[in-house]
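Just so you know, the sequences run in chain order A and B. Okay, so the first sequence: first residue is 1 according to the numbering used here, each after it adds one. Okay, so the second sequence: first residue is 1 according to the numbering used here, each after it adds one.
Hint data in this document are derived by calculation from the structure and do not stem from the laboratory. Accuracy of the hints is not assured; some may be wrong.
Copies of one chain are not kept apart here, so a pair can be met inside one copy or by any two copies together.
[As the list claims (entries may be wrong)] Taking lysine-lysine and the DSSO-like style, the derived pairs with C-alpha atoms no more than 27 Å apart in a straight line are:
| # | residue 1 | residue 2 |
| --- | --- | --- |
| 1 | 207 | 15 |
| 2 | 42 | 15 |
| 3 | 48 | 104 |
| 4 | 159 | 103 |
| 5 | 132 | 59 |
| 6 | 132 | 98 |
| 7 | 150 | 207 |
| 8 | 159 | 98 |
| 9 | 15 | 59 |
| 10 | 29 | 131 |
| 11 | 129 | 98 |
| 12 | 98 | 150 |
| 13 | 7 | 34 |
| 14 | 103 | 58 |
| 15 | 113 | 103 |
There are 2 protein chains.
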Amino acid sequence: MKIIYSKFHSLENEKQERIINAALKEFAKNGYHKASTNEIVKEAEISKGSLFNYFNNKKELFLFLLDYVANVIEQIYDEVNWNEPDFFERIRQLGLVKFKVYKKFPYAFNFLKALSHEDAAEVKPAINKLKKDMVESGLERGYQNIDWTKFREDFDREKVINIINWTMLGFAEEYMNRLDSIEDVGMEILHEADEYFEILKRCFYKKGER
Amino acid sequence: MKIIYSKFHSLENEKQERIINAALKEFAKNGYHKASTNEIVKEAEISKGSLFNYFNNKKELFLFLLDYVANVIEQIYDEVNWNEPDFFERIRQLGLVKFKVYKKFPYAFNFLKALSHEDAAEVKPAINKLKKDMVESGLERGYQNIDWTKFREDFDREKVINIINWTMLGFAEEYMNRLDSIEDVGMEILHEADEYFEILKRCFYKKGER
DNA sequence: TATTAATATGACCCGAGTGGTCAATATAGT
DNA sequence: ACTATATTGACCACTCGGGTCATATTAATA
Numbered sequence: 001m002k003i004i005y006s007k008f009h010s011l012e013n014e015k016q017e018r019i020i021n022a023a024l025k026e027f028a029k030n031g032y033h034k035a036s037t038n039e040i041v042k043e044a045e046i047s048k049g050s051l052f053n054y055f056n057n058k059k060e061l062f063l064f065l066l067d068y069v070a071n072v073i074e075q076i077y078d079e080v081n082w083n084e085p086d087f088f089e090r091i092r093q094l095g096l097v098k099f100k101v102y103k104k105f106p107y108a109f110n111f112l113k114a115l116s117h118e119d120a121a122e123v124k125p126a127i128n129k130l131k132k133d134m135v136e137s138g139l140e141r142g143y144q145n146i147d148w149t150k151f152r153e154d155f156d157r158e159k160v161i162n163i164i165n166w167t168m169l170g171f172a173e174e175y176m177n178r179l180d181s182i183e184d185v186g187m188e189i190l191h192e193a194d195e196y197f198e199i200l201k202r203c204f205y206k207k208g209e210r
Numbered sequence: 001m002k003i004i005y006s007k008f009h010s011l012e013n014e015k016q017e018r019i020i021n022a023a024l025k026e027f028a029k030n031g032y033h034k035a036s037t038n039e040i041v042k043e044a045e046i047s048k049g050s051l052f053n054y055f056n057n058k059k060e061l062f063l064f065l066l067d068y069v070a071n072v073i074e075q076i077y078d079e080v081n082w083n084e085p086d087f088f089e090r091i092r093q094l095g096l097v098k099f100k101v102y103k104k105f106p107y108a109f110n111f112l113k114a115l116s117h118e119d120a121a122e123v124k125p126a127i128n129k130l131k132k133d134m135v136e137s138g139l140e141r142g143y144q145n146i147d148w149t150k151f152r153e154d155f156d157r158e159k160v161i162n163i164i165n166w167t168m169l170g171f172a173e174e175y176m177n178r179l180d181s182i183e184d185v186g187m188e189i190l191h192e193a194d195e196y197f198e199i200l201k202r203c204f205y206k207k208g209e210r
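Full structure from sequences and hints, please.
Given below as structure tokens:
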């Protein structure tokens, strides 16, 4: 049975986002149990009473976030062109869409990542369901339609893919650390990422491929 | 002024390690403020009274750990052969030594990493000092004596180094996630890492270099 | 504008958990 | 046997947790 959270949804958008971001941040940082609703209402600039008016309790708030984030991810996947055959162009697109999400919900990915270490029994089943759904709908699409013939054949493909992904992850993290605030990520990040793509292409594509 | 913690140091080694690891784990996971001394004594299998006998209070315990970890890192650096000119051999060695430390203090690196996000005012100055010292003594040595002529010259060297490092970091993390417990890391990890080195060498070294 | 309905507020509740203490106990040394 | 040292965990004062609710503020209706 699906809960509708009508109280919350009839709020102005900006307030909704403030609450979502505050909650994502707090849960991501501290996990379900140690996350403080006091901290959330302070960050979201609403009163305690309001929060518990929109969501009956902490657990409902958390479950709402799970669902919300799942939808956001779903949306990301829908925006990507899964027919693009060039591997680098594909992850570039994925990066771009993720970047847009990041601007709106800076803590969504941290929240998602933290889920894997979550051990609160009350929310574990919901988390496992989310994971299952994401693997099914996500990895299913995964790298379909990619033109692997562009790649050199003398390397283990899985390892090459890992190197490329870890490079992007490492770059993104290092880039974030360079900034003072998580909020002021600019478009420059993509230019710099492209320079890494350029190197990796020349390493892993056959000569002459672009 | 340096505190000696004589009470603690006259304990049997095994007990010292149990306490250190329990404390590192708790602080790494929860940060200074939210770390619980109750949790630490439970994990270390000592009584509350004992902990506060060895260390007068939470802050002293934390400062002790800072100092201890700094020394461990220092030791790592001393074990590495800084004359080895081959870049990959060098970080392989570093990995090996880190691996040894990891077996003894599984949470030391998590603890160190968590320090950068620590915001407890009571311990901030000590953390900053540690960071300063580590950058000075560590990055100083850094990549000295490396034979850079082995590398292709048509790539930006800094970016290449980043790719290699991020690959190793990504690999290590992925490897850890594959394991059930942080404790059962085996030597196989090095063999698998070597396979990545092989790929990266063929990418970034000039033809014919090994 | 007066009245009602809907929202938003934060002081307050009680239970859980905090860092830290200390009289009582167990162990070791002589 | 006696003393000195090491260890224990019940206990304390206090903070902070999720959640409530009477009151205050705003919006809607007339």
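Results for each hint:
no.: 1; hint: 207 - 15; in the structure: neither (53 Å within a copy, 59 Å between copies)
no.: 2; hint: 42 - 15; in the structure: within (13 Å within a copy, 42 Å between copies)
no.: 3; hint: 48 - 104; in the structure: within (24 Å within a copy, 45 Å between copies)
no.: 4; hint: 159 - 103; in the structure: between (31 Å within a copy, 26 Å between copies)
no.: 5; hint: 132 - 59; in the structure: within (20 Å within a copy, 42 Å between copies)
no.: 6; hint: 132 - 98; in the structure: within (21 Å within a copy, 35 Å between copies)
no.: 7; hint: 150 - 207; in the structure: both (9 Å within a copy, 21 Å between copies)
no.: 8; hint: 159 - 98; in the structure: both (23 Å within a copy, 23 Å between copies)
no.: 9; hint: 15 - 59; in the structure: within (20 Å within a copy, 39 Å between copies)
no.: 10; hint: 29 - 131; in the structure: both (19 Å within a copy, 23 Å between copies)
no.: 11; hint: 129 - 98; in the structure: within (23 Å within a copy, 37 Å between copies)
no.: 12; hint: 98 - 150; in the structure: within (25 Å within a copy, 37 Å between copies)
no.: 13; hint: 7 - 34; in the structure: within (26 Å within a copy, 33 Å between copies)
no.: 14; hint: 103 - 58; in the structure: within (26 Å within a copy, 39 Å between copies)
no.: 15; hint: 113 - 103; in the structure: both (17 Å within a copy, 25 Å between copies)
Against the hints set out earlier in the document, a violation occurs for number 1 only.
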